[in-house]
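Chemist: Sequence:
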Amino acid sequence: MARKNALGRGLGALIDDAETERSESKGGILEVEIEKIEANPYQPRTGFDEEALQELASSIRELGIIQPISVRDMGDGTYQLISGERRLRAATLAGLKKIPAYVRTADDQAMLEMALVENIQREDLDAIEIAISYQRLIEECNLTQETLSERVGKKRSTISNYLRLLKLPAEIQLGIREGKISMGHARTLVNIEDPAKQIDLYYRIVNEELSVRQTEDLVRRMMNRELSRASEKEQKKKELAEAFNHLREGLARLFETDVQVRVNEKGKGKIVIPFSSAEELEKIIEKFDKLNG
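Numbering of the sequence shown is given in numbering that gives the first Met the number 0, commencing with residue 0 and proceeding in unit increments.
A portion of the hints provided could be inaccurate.
[Said to hold, decoys possible] Derived DEER-like restraints, expressed as beta-carbon distance ranges:
1. Glu248 / Arg219: 41 to 49 Å
2. Gly183 / Gln259: 17 to 25 Å
3. Asp193 / Glu149: 29 to 37 Å
4. Asn223 / Gly266: 22 to 30 Å
5. Glu32 / Asn190: 35 to 43 Å
6. Gln144 / Arg219: 22 to 30 Å
7. Gly94 / Gly268: 42 to 50 Å
8. Asn223 / Gly152: 46 to 54 Å
It is worth saying that the hints were derived from the structure and are not from the lab. For glycine and all other residues, C-beta sits at the position ideal for the given N, C-alpha and C.
Using the sequences plus the hints, can you model the full thing?
Modeler: Okay, structure coming up:
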């Protein structure tokens with residue numbers, strides 16, 4: 000499958016008017032050489048799930064970078080990472096030599112914040128571009144969701160709904176950007192926890208041209224089935240626990256010792272009949288002999 004162009008023009012132009020003159024893009028999105036990017040010394044996160052990184056790397060190979068990283072121009076031809084270390088690591092694993100990045104100067108935070116807040120209301124921005132803008136304001140301008148709500152004149156719940164879109168698989172985020180599904184569809188998909196099921200339903204929405212209402216009904220039925228299965232599983236687990244307890248009590252009475260019944264989630268286990276002396280063991284054996292009578 001040919002790699003898709005994951006970046007639109009709308010978000011890249013968000014801060015054009017707020018930056019000082021730059022040689023290539025006035026501080027918009029640049030293709031930065033990965034080897035020239037140094038880690039952020041203030042990054043609090045030190046552990047990354049290797050399997051998840053490999054999955055993200057595979058997604059990047061197929062779909063490209065959905066959300067650019069942010070870097071600071073150090074003025075000597077190198078850049079310092081501001082946010083997006085997981086994306087940077089995955090891009091490296093994917094074999095990329097360059098990565099799209101928002102390039103900032105050391106003193107442009109206030110200007111960036113003003114530009115993002117002013118331009119976030121633009122009508123030509125798609126839901127993912129808006130979500131990324133909110134995320135940038137939170138990460139790079141140190142705004143809380145409550146403060147951000149005041150700055151952009153949106154309810155905090157609205158901001159949260161946009162930010163949740165960034166948790167969707169890259170394939171679905173691209174679908175949102177390309178207009179294949181609406182914000183309403185996407186918000187419904189967020190309610191599904193399993194990414195594989197999210198993607199399956201996404202393609203069903205696209206192929207069957209499902210409305211938001213139809214999608215909501217479908218997700219509701221899926222969740223009800225899962226709740227029903229979970230309830231049945233829990234009931235079965237409870238019944239088995241009662242059966243095992245009944246067995247344990249019966250064996251404990253029979254052998255006159257504290258019998259233990261251990262069972263794992265797969266149904267495998269063992270019965271332990273403890274004894275503290277040779278005499279107790281002989282009594283247990285005698286009881287076994289009587290049972291086999």
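Chemist: Taking each numbered hint in turn, which are not upheld by the structure, reported in ascending numerical order?
Modeler: Violated: hints 2 and 8.
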